[in-house]
Structures are given as structure tokens and as C-alpha cells.
Amino acid sequence: MKEINIFEIVPENFFVPLSSQGKTLYIKIISLIYKLVQNGLSYGIDKDILVDEIEEYLVLINYDIENEEDEQLNNNREKANYLIRKLINYGWIYPEQTNDYKQIINFHDYAIVILEAFLKIVNKESLEYQGNIISIYSMLYSNEKAGVVIKQVFENTKGIISGLKNLNSNIKKYMDRLTKQKTPEEIMQEFFGNYTKEVIDKAYHRLKTSENVSKYRPKIIEKLNESLNSSEFLSEAGEFYREDEELGSLDEGIEKVKDIVHNIINAFNELDDIMHDIDSKNAKYIRAAVTRAKFLLNNSKDMTGTVKGILEYISNEYKELELSLSSDYLEEVTDLFTLYSYGYIDETSLYIANEGKKSFKPGKILSDTLSKEERQRKIDEFKKKQEKQYSPKKVNEIVDELLGDKKMVLASEIEINSVDDFIKIIYIRLYGNHVLAKYSINRKDIIASNNGFTFKNFEIWRK
2 MKEINIFEIV PENFFVPLSS QGKTLYIKII SLIYKLVQNG LSYGIDKDIL VDEIEEYLVL
62 INYDIENEED EQLNNNREKA NYLIRKLINY GWIYPEQTND YKQIINFHDY AIVILEAFLK
122 IVNKESLEYQ GNIISIYSML YSNEKAGVVI KQVFENTKGI ISGLKNLNSN IKKYMDRLTK
182 QKTPEEIMQE FFGNYTKEVI DKAYHRLKTS ENVSKYRPKI IEKLNESLNS SEFLSEAGEF
242 YREDEELGSL DEGIEKVKDI VHNIINAFNE LDDIMHDIDS KNAKYIRAAV TRAKFLLNNS
302 KDMTGTVKGI LEYISNEYKE LELSLSSDYL EEVTDLFTLY SYGYIDETSL YIANEGKKSF
362 KPGKILSDTL SKEERQRKID EFKKKQEKQY SPKKVNEIVD ELLGDKKMVL ASEIEINSVD
422 DFIKIIYIRL YGNHVLAKYS INRKDIIASN NGFTFKNFEI WRK
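Per the working numbering, residue 2 is the first one in the sequence shown, and the count goes up by one each step.
Because the hints were derived from the structure by calculation, they are not lab data.
Please note that a few of the clues may not be correct.
Straight-line Cα separation of at most 30 angstroms, DSS-like style, residue types lysine-lysine; simulated pairs [claimed, not checked]: (1) 394 to 439; (2) 439 to 464; (3) 257 to 152; (4) 464 to 425; (5) 445 to 407; (6) 224 to 152; (7) 457 to 395; (8) 407 to 379; (9) 385 to 285; (10) 457 to 282; (11) 362 to 379.
Simulated restraints on C-beta separations [said to hold, decoys possible]: (12) 281 to 363: 48 to 58 angstroms; (13) 277 to 174: 14 to 24 angstroms; (14) 95 to 122: 24 to 34 angstroms; (15) 250 to 229: 15 to 25 angstroms; (16) 223 to 8: 41 to 51 angstroms; (17) 284 to 362: 45 to 55 angstroms; (18) 289 to 405: 26 to 36 angstroms; (19) 160 to 256: 20 to 30 angstroms; (20) 223 to 405: 43 to 53 angstroms; (21) 8 to 316: 37 to 47 angstroms; (22) 284 to 144: 38 to 48 angstroms; (23) 405 to 435: 47 to 57 angstroms.
These figures come from a predicted structure and were not determined experimentally.
No residue lacks a Cβ here, since even glycine has one placed at the ideal position from N, Cα and C.
Whenever a hint applies, use it, and build me the whole structure from the sequences.
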């Protein structure tokens, strides 16, 4: 992989407007120019038209431009020309004169690439994993030129791996964000809204449920291995790379092709590891969301409720008094916690303990026997605990009972008499996209309120 020597391509002051005090105005003007050049034959626009558009925009926003050159700017037209000159100096755009002496303002090619990356970030575009895998399979079994096929397959493979790694990283970001939510409603909104839409998106869900990787991977790897053993294929693809990357010889091109093919095979073999890690983090996120919601909903006087009350009190006091977590403490809670020093000698200790002389006297081993009542009580306790454990199978049974003879029921129609009933709804929503689910979920934008519990409504459909 090449080093990212970006400033060998873009000017050193290229990012200055985006970090200056006027960064908001600059990005608005850059976005305006980009929008105006979309319908042309190139990424260029007549300067007079551009000045008119920027002038009209400045009239609307009434923005006071900070003039770094102490130049007198008397009106919005002068401000528009000033902004164009600055963007030319920063290397975003450049002027070009036509045969009829018109001035055209063009984007530099690298500026377009960076702008498109910005748009992907802003629009939160996600990769269509499914389409890319099918595309790779189709290209490998097509009659296209070997070099073109390998290059496109390599680009698509990098796109899949990059998309999955980005998805994997995003789960950690949402885990951190989850801890900042203060109410059960905020946690559920974070999970059912942002997390479900932006992280575990439909593309990844299809990749899992339709098993496209398992379906196409064996044939893809088989075809790639055949390519490595085909001298005709390697020569054709090697010649393509020799010309495309201006390599010294055909042998260099062939070695380049072999490296690329091995990288593609390794990437497909590693897909399971990445997806397993995503599934593992996703499961942790779900558990964290439910556990935190249950904790915040706990208002009982048991140990969990008591600890929750203490922590809420400490948190509020630290915020109100603006105390430091590392150096300040609350005197009223210090007596609640007593720490003892505790030491022991473990197996790896070099100290030889002196046990002294002891005489062993065998004694009778007594075993406690449970009465029938005690035994039944423990069985009942175990059953109650099991009833609160929600597996996909149990949730399917709950949904089946809720639906009865109906095809669909709204979550808002489910009776909520306790926290456990609300948690049941949470699990129904969580397992809605599970492979083993015998029902499907259709999200609604309507906020439902039921017996003091608020959540985004959704439809529950029998499959």
C-alpha cells in the first residue's frame, strides 16, 4: 500500500478554508458550485453565472465576510468575486478561458474526489454488499479481458472489506454513545432509530439471511485458483497491468496479478472472521441496551434499585457541585463503602508456608438432605428465572400467542402492566430481524404511549 502523501497532489493550503473562522461559508459556497456544475458536460461553469449565483446566495444569508487581505468589499458582487479568488488560491477551483474569451471556473479533479467523499459521509451512504459479491461472481465467469476483470474484482473486494470493517467500527461508536443516554426512552430511540438504520443496515441483514457469501464464495475462490494456474490468463492480465501501471516487464505484470489474486482469495477467506466479530459486537450492544434500560427502569428497593439510587445521587451531586471525579469525594457516601486489604499466598509464591505438625483424624461426612417443600421451592424459583430468559424460540411463542388468528398486530395494542411487559416488547422488536424469527417487523414513525411507557410503534406480522 502506498503512503498517503496527499500534499504531493493537493496544495498545502487546500484544507485551510475548512478550518478557518469562515469554514461554514466556504463549504456552503463550494457545495453551491458543485451543485451548479452537475448538469454540464464538465465540472465547470461560466464565471459570470457563478458570480450571480454566489451574489444571490450572499443576499439571502447576509453574511459578514472576514477579509484577510484588508480589501474593500462594498457589495455582495465584490464579496462573490473575492470568495472565488480565495478558492482559486486554495486550489479548489481554477479559471479557464475559452475561444470566445469567456472565463470558465472548473473544479480540480482531486477536489471532486474529496467532495464526493464528503457527500458519502453526510448522506451516510452504505455499501451494497450483496450486489458487489454477485458482481464479482459474474465478472469472473464472464468473457471480459483478464486484466479488466481482475482489476474490477479487486476494487469490489476492497469495497466489501472496507464496508464491513467500517460497520464493525461503528458498533463501538454506538456502544460509547449508549452510555450517554439518561432515560430508557432515549436508549430505545438510540437503538431502534439511529443504530438499526445506520449500523445494522438492510444490506448487511440480506448478506446474512440470504447467505450470499456462502453461496458464491466457493465458486469465486475456485475460479481465482484456476486463473493462477492458467499461463494464458496470467500473461493477458500481466500485459494489462504492465501497460496500466507502466511496469518494466511482463514478468513484473504477472507478479502483480498473482499478488492481487492471492489478496482477493485471502480477503474472501477472512470474511467470516469479520462478520463473526460484527455479530459478536452487535449481540453485546443489544445486551448493553436492554441491561441499561432495565437498570434505569428499576425503581424497587432491592440491591439493584438501592445501588441505582446511590449512583444517581452521586452523579447529580458531582454535576451540580462541579466536582472532579479524580480528586473530589462526597463525605456523606464514604461510610457506605469500606475497603479492606486482603492478601494470600498463591501457587506461584516462592514463600514456603510452615504448616506445622498436624494429626489427621477421620470423621463422618454429613450430607444435608432437602425436604420436599424446600426442593419444590427451589424448582419454582428456577422456573421463574427461566421465564424471564428470552430466547428466539420463546419470543416466537409469545408472538404466536399475541397474534392468535390475526396476521398482524401493533405493538401499541400489547397490554403493558409492568416493566417485564415492556421488556417483552423490547425483545419482540430486537428479535424481529433474527434468522429464526417466525414473524417480521414493520417500523412506524408514530410514537406510541402505553401505561406510562413511550416507544416508536411497529407492526408485528406473522411470516
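Each hint tested on the structure:
no.: 1; hint: 394 to 439; in the structure: holds (9 angstroms)
no.: 2; hint: 439 to 464; in the structure: holds (6 angstroms)
no.: 3; hint: 257 to 152; in the structure: holds (11 angstroms)
no.: 4; hint: 464 to 425; in the structure: holds (20 angstroms)
no.: 5; hint: 445 to 407; in the structure: holds (19 angstroms)
no.: 6; hint: 224 to 152; in the structure: holds (15 angstroms)
no.: 7; hint: 457 to 395; in the structure: holds (23 angstroms)
no.: 8; hint: 407 to 379; in the structure: violated (38 angstroms)
no.: 9; hint: 385 to 285; in the structure: holds (24 angstroms)
no.: 10; hint: 457 to 282; in the structure: holds (24 angstroms)
no.: 11; hint: 362 to 379; in the structure: violated (36 angstroms)
no.: 12; hint: 281 to 363: 48 to 58 angstroms; in the structure: holds (51 angstroms)
no.: 13; hint: 277 to 174: 14 to 24 angstroms; in the structure: holds (20 angstroms)
no.: 14; hint: 95 to 122: 24 to 34 angstroms; in the structure: holds (25 angstroms)
no.: 15; hint: 250 to 229: 15 to 25 angstroms; in the structure: holds (19 angstroms)
no.: 16; hint: 223 to 8: 41 to 51 angstroms; in the structure: holds (44 angstroms)
no.: 17; hint: 284 to 362: 45 to 55 angstroms; in the structure: holds (53 angstroms)
no.: 18; hint: 289 to 405: 26 to 36 angstroms; in the structure: holds (33 angstroms)
no.: 19; hint: 160 to 256: 20 to 30 angstroms; in the structure: holds (24 angstroms)
no.: 20; hint: 223 to 405: 43 to 53 angstroms; in the structure: holds (50 angstroms)
no.: 21; hint: 8 to 316: 37 to 47 angstroms; in the structure: holds (46 angstroms)
no.: 22; hint: 284 to 144: 38 to 48 angstroms; in the structure: holds (44 angstroms)
no.: 23; hint: 405 to 435: 47 to 57 angstroms; in the structure: violated (22 angstroms)
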